[in-house]
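There are 2 protein chains.
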Amino acid sequence: MDVTKSNFRSVLEGIDDELEKASFIAIDTEFTGLNDGGSNKLSSLDTPAERYKKVLNGSSEFLVVQFGLSIFTFEKKVSKYVNKTYNFYVFPHTSMGGLCDKKFMSQASSLSFLATQGFDFNKLIKEGIPYLNLLEEEKVKLKLEKRNKFSNVDSKVPCHNNEISEIPPDQKGYVDHIVSKVTTFFESNGNDEEKSPAILEFQCSSLQSELIFSHVRTRYPNLLFVSAKKTCGGCTVTVKKAASSCNLEKESVDKKSLPAAEKPRIEDYMGFSEVVRKITNSGKLVVGHNMLLDLCHILGQFCEPLPEDYEEFKAMTNTFFPRVIDTKVMATTKPFRDLLPNSALGPLLKALLKAPFRNTEIVTAKDFPSYKDDSLKEHEAGYDAFVTGRCLIALTNYLGKLFYASHKAAAVHESSLIAPFYQKIYMMMVTDIPYMTLSGPDLEPSREHIFYVTFPKSWKLHDIFHLFSVHGTVRVDWTGDTSAFVTLHRKENCHFVLSAMNESTLPVGCSVISYETYVNSKHKNVASSQAAEVQEQEPPRKRSGPVMHSNSSALPSPKKSRRDSENPKLNKTQFAVSADWD
Amino acid sequence: MDVTKSNFRSVLEGIDDELEKASFIAIDTEFTGLNDGGSNKLSSLDTPAERYKKVLNGSSEFLVVQFGLSIFTFEKKVSKYVNKTYNFYVFPHTSMGGLCDKKFMSQASSLSFLATQGFDFNKLIKEGIPYLNLLEEEKVKLKLEKRNKFSNVDSKVPCHNNEISEIPPDQKGYVDHIVSKVTTFFESNGNDEEKSPAILEFQCSSLQSELIFSHVRTRYPNLLFVSAKKTCGGCTVTVKKAASSCNLEKESVDKKSLPAAEKPRIEDYMGFSEVVRKITNSGKLVVGHNMLLDLCHILGQFCEPLPEDYEEFKAMTNTFFPRVIDTKVMATTKPFRDLLPNSALGPLLKALLKAPFRNTEIVTAKDFPSYKDDSLKEHEAGYDAFVTGRCLIALTNYLGKLFYASHKAAAVHESSLIAPFYQKIYMMMVTDIPYMTLSGPDLEPSREHIFYVTFPKSWKLHDIFHLFSVHGTVRVDWTGDTSAFVTLHRKENCHFVLSAMNESTLPVGCSVISYETYVNSKHKNVASSQAAEVQEQEPPRKRSGPVMHSNSSALPSPKKSRRDSENPKLNKTQFAVSADWD
Numbered sequence: 001m002d003v004t005k006s007n008f009r010s011v012l013e014g015i016d017d018e019l020e021k022a023s024f025i026a027i028d029t030e031f032t033g034l035n036d037g038g039s040n041k042l043s044s045l046d047t048p049a050e051r052y053k054k055v056l057n058g059s060s061e062f063l064v065v066q067f068g069l070s071i072f073t074f075e076k077k078v079s080k081y082v083n084k085t086y087n088f089y090v091f092p093h094t095s096m097g098g099l100c101d102k103k104f105m106s107q108a109s110s111l112s113f114l115a116t117q118g119f120d121f122n123k124l125i126k127e128g129i130p131y132l133n134l135l136e137e138e139k140v141k142l143k144l145e146k147r148n149k150f151s152n153v154d155s156k157v158p159c160h161n162n163e164i165s166e167i168p169p170d171q172k173g174y175v176d177h178i179v180s181k182v183t184t185f186f187e188s189n190g191n192d193e194e195k196s197p198a199i200l201e202f203q204c205s206s207l208q209s210e211l212i213f214s215h216v217r218t219r220y221p222n223l224l225f226v227s228a229k230k231t232c233g234g235c236t237v238t239v240k241k242a243a244s245s246c247n248l249e250k251e252s253v254d255k256k257s258l259p260a261a262e263k264p265r266i267e268d269y270m271g272f273s274e275v276v277r278k279i280t281n282s283g284k285l286v287v288g289h290n291m292l293l294d295l296c297h298i299l300g301q302f303c304e305p306l307p308e309d310y311e312e313f314k315a316m317t318n319t320f321f322p323r324v325i326d327t328k329v330m331a332t333t334k335p336f337r338d339l340l341p342n343s344a345l346g347p348l349l350k351a352l353l354k355a356p357f358r359n360t361e362i363v364t365a366k367d368f369p370s371y372k373d374d375s376l377k378e379h380e381a382g383y384d385a386f387v388t389g390r391c392l393i394a395l396t397n398y399l400g401k402l403f404y405a406s407h408k409a410a411a412v413h414e415s416s417l418i419a420p421f422y423q424k425i426y427m428m429m430v431t432d433i434p435y436m437t438l439s440g441p442d443l444e445p446s447r448e449h450i451f452y453v454t455f456p457k458s459w460k461l462h463d464i465f466h467l468f469s470v471h472g473t474v475r476v477d478w479t480g481d482t483s484a485f486v487t488l489h490r491k492e493n494c495h496f497v498l499s500a501m502n503e504s505t506l507p508v509g510c511s512v513i514s515y516e517t518y519v520n521s522k523h524k525n526v527a528s529s530q531a532a533e534v535q536e537q538e539p540p541r542k543r544s545g546p547v548m549h550s551n552s553s554a555l556p557s558p559k560k561s562r563r564d565s566e567n568p569k570l571n572k573t574q575f576a577v578s579a580d581w582d
Numbered sequence: 001m002d003v004t005k006s007n008f009r010s011v012l013e014g015i016d017d018e019l020e021k022a023s024f025i026a027i028d029t030e031f032t033g034l035n036d037g038g039s040n041k042l043s044s045l046d047t048p049a050e051r052y053k054k055v056l057n058g059s060s061e062f063l064v065v066q067f068g069l070s071i072f073t074f075e076k077k078v079s080k081y082v083n084k085t086y087n088f089y090v091f092p093h094t095s096m097g098g099l100c101d102k103k104f105m106s107q108a109s110s111l112s113f114l115a116t117q118g119f120d121f122n123k124l125i126k127e128g129i130p131y132l133n134l135l136e137e138e139k140v141k142l143k144l145e146k147r148n149k150f151s152n153v154d155s156k157v158p159c160h161n162n163e164i165s166e167i168p169p170d171q172k173g174y175v176d177h178i179v180s181k182v183t184t185f186f187e188s189n190g191n192d193e194e195k196s197p198a199i200l201e202f203q204c205s206s207l208q209s210e211l212i213f214s215h216v217r218t219r220y221p222n223l224l225f226v227s228a229k230k231t232c233g234g235c236t237v238t239v240k241k242a243a244s245s246c247n248l249e250k251e252s253v254d255k256k257s258l259p260a261a262e263k264p265r266i267e268d269y270m271g272f273s274e275v276v277r278k279i280t281n282s283g284k285l286v287v288g289h290n291m292l293l294d295l296c297h298i299l300g301q302f303c304e305p306l307p308e309d310y311e312e313f314k315a316m317t318n319t320f321f322p323r324v325i326d327t328k329v330m331a332t333t334k335p336f337r338d339l340l341p342n343s344a345l346g347p348l349l350k351a352l353l354k355a356p357f358r359n360t361e362i363v364t365a366k367d368f369p370s371y372k373d374d375s376l377k378e379h380e381a382g383y384d385a386f387v388t389g390r391c392l393i394a395l396t397n398y399l400g401k402l403f404y405a406s407h408k409a410a411a412v413h414e415s416s417l418i419a420p421f422y423q424k425i426y427m428m429m430v431t432d433i434p435y436m437t438l439s440g441p442d443l444e445p446s447r448e449h450i451f452y453v454t455f456p457k458s459w460k461l462h463d464i465f466h467l468f469s470v471h472g473t474v475r476v477d478w479t480g481d482t483s484a485f486v487t488l489h490r491k492e493n494c495h496f497v498l499s500a501m502n503e504s505t506l507p508v509g510c511s512v513i514s515y516e517t518y519v520n521s522k523h524k525n526v527a528s529s530q531a532a533e534v535q536e537q538e539p540p541r542k543r544s545g546p547v548m549h550s551n552s553s554a555l556p557s558p559k560k561s562r563r564d565s566e567n568p569k570l571n572k573t574q575f576a577v578s579a580d581w582d
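In order, the protein sequence lines correspond to chains E and U. First residue of the first sequence? That's 1 in this note's numbering, and the numbers climb one at a time after it. First residue of the second sequence? That's 1 in this note's numbering, and the numbers climb one at a time after it.
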């Protein structure tokens with residue numbers, strides 16, 4: 001179901017109930033861009049902290065423009081899931097003027113990709129649901145309070161000859177023109193709307209609206225300002241005649257609100273952020289696919305600004321999403337890894353719809369889209385969230401089949417078999433650290449077989465291959481014109497590299513150091529530049545959810561979990577999430 | 001006429017001819033945003049150099065998405081203009097992958113405003129004409145050359161046991177799967193397309209496409225890679241059987257181009273920049289309305305990156321636009337200032353369609369839109385350019401009427417009466433410096449009546465009014481919580497201010513200095529911080545047009561100008577462009 005400004009309120013009213021009944025929630029988002037490149041370009045050697053930094057610095061200026069929410073509710077009696085999928089169009093506020101006017105980045109190729117998938121940008125911009133995160137909400141409140149102080153106006157303090165503010169010479173003609181219009185307006189009488197209109201409207205600039213208020217009104221105290229709406233390049237001012245002068249105070253538009261049309265209520269501004277708040281407060285299992293970017297955007301755009309510190313990010317995510325699963329982590333881990341050659345969402349679903357996988361039937365609720373195998377909807381956030389949920393069901397069922405002799409389809413959220421996958425978020429491209437571990441320390445594999453190499457600018461790929469040829473084949477990851485990481489395929493040869501390659505044996509202009517030496521020297525540089533700078537740090541922000549400890553070794557337990565005690569054969573380590581290749 | 005990718009080539013072919021015949025060219029652009037606010041927010045006290053800096057830093061990350069080009073050609077025999085108006089949709093390249101993938105800013109309110117005016121964003125993104133400025137073109141060329149060096153691949157140097165690159169263990173299953181598919185593909189024979197397809201297509205990741213190329217191809221030398229198209233999250237690889245092995249070299253897709261689909265030609269990339277190049281090379285009079293942002297965006301986006309230095313910007317603009325007029329400068333200068341109360345484009349045209357102004361008839365060329373008074377098209381770039389041209393015609397005719405007893409409508413481009421307006425670009429909000437002077441030194445009015453004031457955070461507007469009340473009414477321009485510029489309406493009182501306001505008479509926490517003192521101290525601070533920094537500067541870029549000197553006191557003369565000698569009554573100083581209020 002597409003959700004825009006027009007039906008948002010009614011959807012919001014029903015969401016609490018839906019979330020309360022939900023077994024689990026699948027999410028997906030579409031953004032205006034992925035990464036701004038440059039130093040934030042992803043590397044296959046990123047550590048989790050480095051990856052987070054790159055996402056924070058290189059991706060967070062892009063915007064989520066579509067949020068897919070797919071709610072799966074297990075009906076035990078019939079062993080089926082009922083599904084309701086929402087496709088929210090979200091767009092920043094556009095009529096708050098100086099209070100809030102978001103600027104955001106877009107990547108041309110991302111917009112083009114969405115357009116080819118049928119995304120409707122006109123609908124987004126005209127009908128997208130606005131939102132504010134908590135920090136933006138605070139700023140808007142503050143600005144509303146300060147509005148009076150900061151209006152740039154001419155003084156109205158009467159000077160000794162009783163003049164109000166002077167009219168700049170280049171505006172005199174205009175003010176006379178308006179006075180003349182108002183005079184005619186006041187002189188007209190009778191019931192003929194054409195000859196005696198009830199209201200008078202005129203176009204002017206913001207400055208002119210101030211002058212009119214000051215000067216024309218003093219000549220016509222019975223002139224009431226009904227509204228002053230900002231238009232491109234100016235205002236449309238609407239005035240009428242007051243019924244009597246004693247009603248003036250009551251009826252008059254507050255001068256301080258010119259030229260804004262309406263006085264906004266802060267409660268109306270949170271918009272779509274309310275939905276996210278309800279999701280994060282529900283405590284339900286949330287599932288996504290390759291979801292690091294989704295999480296970062298959702299947190300930063302609808303909850304609170306992302307922290308600089310990676311550990312703080314982990315704590316924040318655990319707070320807002322105490323139970324989260326990434327189906328790409330599941331699909332690329334044993335036992336699935338060997339059964340599923342392609343873990344991209346579309347091919348993944350295709351494979352999971354066939355043997356040996358088993359699917360629980362999904363019934364679409366009335367008035368909601370039943371996608372079936374509608375791959376025409378691929379890359380619509382709602383559809384992708386739905387597919388993600390389906391994948392989770394099939395993957396969970398398979399684990400059930402592996403471990404329980406006669407396994408009936410059990411609700412995903414009740415299965416302790418997926419607990420090892422909680423709080424693990426997929427890391428693209430990094431073969432030896434395939435996921436971030438939110439609920440504890442990250443994987444720290446040995447990188448003894450990786451070297452940092454510098455060489456002359458003229459060197460090409462084959463020159464590096466040749467340099468390492470005696471140690472077997474390698475993978476090269478460029479870090480610039482004259483440097484690269486080189487990874488040995490034959491890890492066991494790593495002990496020979498540095499002894500074989502030293503100043504006397506290396507070609508001129510080359511150097512080779514271990515990955516560890518490189519990282520240590522980088523940390524030294526960062527530490528000394530941090531010591532030299534004066535750093536102003538904000539006090540840590542209080543989180544608005546329950547406190548979670550990111551270093552806890554205990555995985556968060558599902559609210560309605562079934563204990564393992566009934567089946568002594570269960571061996572969780574058989575499919576412990578691991579990064580080992582073998 | 002709307003111009004998109006589909007009809008761009010044919011329009012481009014005809015443009016040289018149109019520009020050759022043109023009398024003058026009107027332009028207008030629509031952008032994704034205006035200003036990013038903060039320290040780049042416009043002030044009514046900006047000098048031209050400060051204003052340029054704010055536009056450079058606060059506006060240039062936004063994008064022109066629509067370019068209106070309205071060509072007016074005067075038919076002398078019938079004393080009419082023939083008009084052709086083009087409405088170009090422009091959008092960055094979206095299928096050049098790593099060669100060029102522009103990231104740009106948008107302002108939510110600007111997009112919303114365009115949408116309400118009927119702008120079609122889906123059309124923009126799908127059909128917008130791409131472009132590159134000169135610097136981007138150079139970078140793309142460089143990247144194309146370097147492509148080989150920077151592909152991250154496994155080595156293909158055979159080691160002593162003749163293996164090619166090793167297959168990572170987690171990819172073994174996938175490679176076996178593809179080998180199996182290809183085996184079936186090669187074994188199938190006959191004419192039945194279903195049983196013996198001509199091509200084989202499969203989805204994979206970039207890494208997998210490299211592995212396939214290395215490993216599968218070695219087993220099947222007759223396997224030809226037709227294409228490898230990048231899709232979201234991976235590639236679609238298409239292969240076929242070579243007719244015979246001797247055709248392999250000829251038919252095979254160059255390995256180096258994987259995973260990109262086509263080998264791009266640099267000539268195809270310039271796109272819409274070609275149109276701008278033709279305009280700037282035409283030497284024709286170019287007219288815009290309130291056109292500073294238009295100029296900066298056009299130069300930066302389609303010509304060359306904008307320089308940091310303001311004087312360099314003036315020289316650059318004069319080079320690319322040797323004859324430019326801003327109708328907002330005309331409309332806000334005598335003799336027009338007193339006749340035209342509202343110089344916004346829409347109201348301006350409305351006023352110019354009535355007496356005492358006179359319009360030359362405009363005939364729309366066949367197949368082009370005849371807007372008439374179609375104000376429904378307002379804020380479509382083509383329409384706004386057309387309106388701008390109409391305004392110029394009416395304004396020029398009026399000058400002709402003023403100075404020549406029996407004035408026939410003369411072509412705008414032949415009228416020396418508008419020469420005083422050349423190279424003057426409107427400056428919004430700044431009453432004492434209403435325009436930038438590109439062709440000479442800028443206006444430097446006295447600002448003796450302006451003061452820089454600091455005060456406690458608790459102060460409100462009336463506190464400042466009160467402080468200055470003895471000197472008459474004032475205008476306050478906030479620069480922050482605790483500072484503002486204060487402008488006396490009664491300039492003559494300026495000499496009393498500083499003597500009246502000193503440490504002993506001012507309230508606690510307040511200070512008042514002259515504008516001049518403030519500016520001098522700001523320059524001192526900038527100079528000392530520049531001396532402390534190590535600045536790396538690129539050598540000045542060569543301009544690609546004729547050299548113009550920005551300090552020349554002679555205004556550039558129109559190519560086909562009529563001399564003033566025939567009418568001794570002409571007195572240019574009567575309407576010399578001036579900033580004096582009186």
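For the record, the hints were derived by calculation from the structure and aren't laboratory data. Just to be clear, a hint being listed does not mean it is correct.
Since the list gives no way to pick one copy over another, a pair counts as held whenever it fits inside one copy or between any two copies.
[Claimed, not checked] List of simulated lysine-lysine pairs, PhoX-like, C-alpha gap at most 25 Å:
(1) K143 <-> K460
(2) K41 <-> K401
(3) K350 <-> K5
(4) K41 <-> K354
(5) K522 <-> K77
(6) K401 <-> K5
(7) K5 <-> K366
(8) K126 <-> K53
(9) K354 <-> K76
Status of each hint after checking the structure:
1. K143 <-> K460: Result: close only across copies, 14 Å inter versus 56 Å intra.
2. K41 <-> K401: Intra 41 Å, inter 63 Å, cutoff 25 Å: neither.
3. K350 <-> K5: Neither. Shortest intra-copy (34 Å) and inter-copy (36 Å) distances fail the 25 Å Cα cut-off.
4. K41 <-> K354: Intra 37 Å, inter 59 Å, cutoff 25 Å: neither.
5. K522 <-> K77: neither (59 Å within a copy, 77 Å between copies)
6. K401 <-> K5: Neither, since 44 Å and 54 Å both go past 25 Å.
7. K5 <-> K366: within (22 Å within a copy, 43 Å between copies)
8. K126 <-> K53: Answer is neither; intra-copy 34 Å and inter-copy 33 Å both fail.
9. K354 <-> K76: within (24 Å within a copy, 78 Å between copies)
The structure shown violates the earlier hints numbered 2, 3, 4, 5, 6 and 8.
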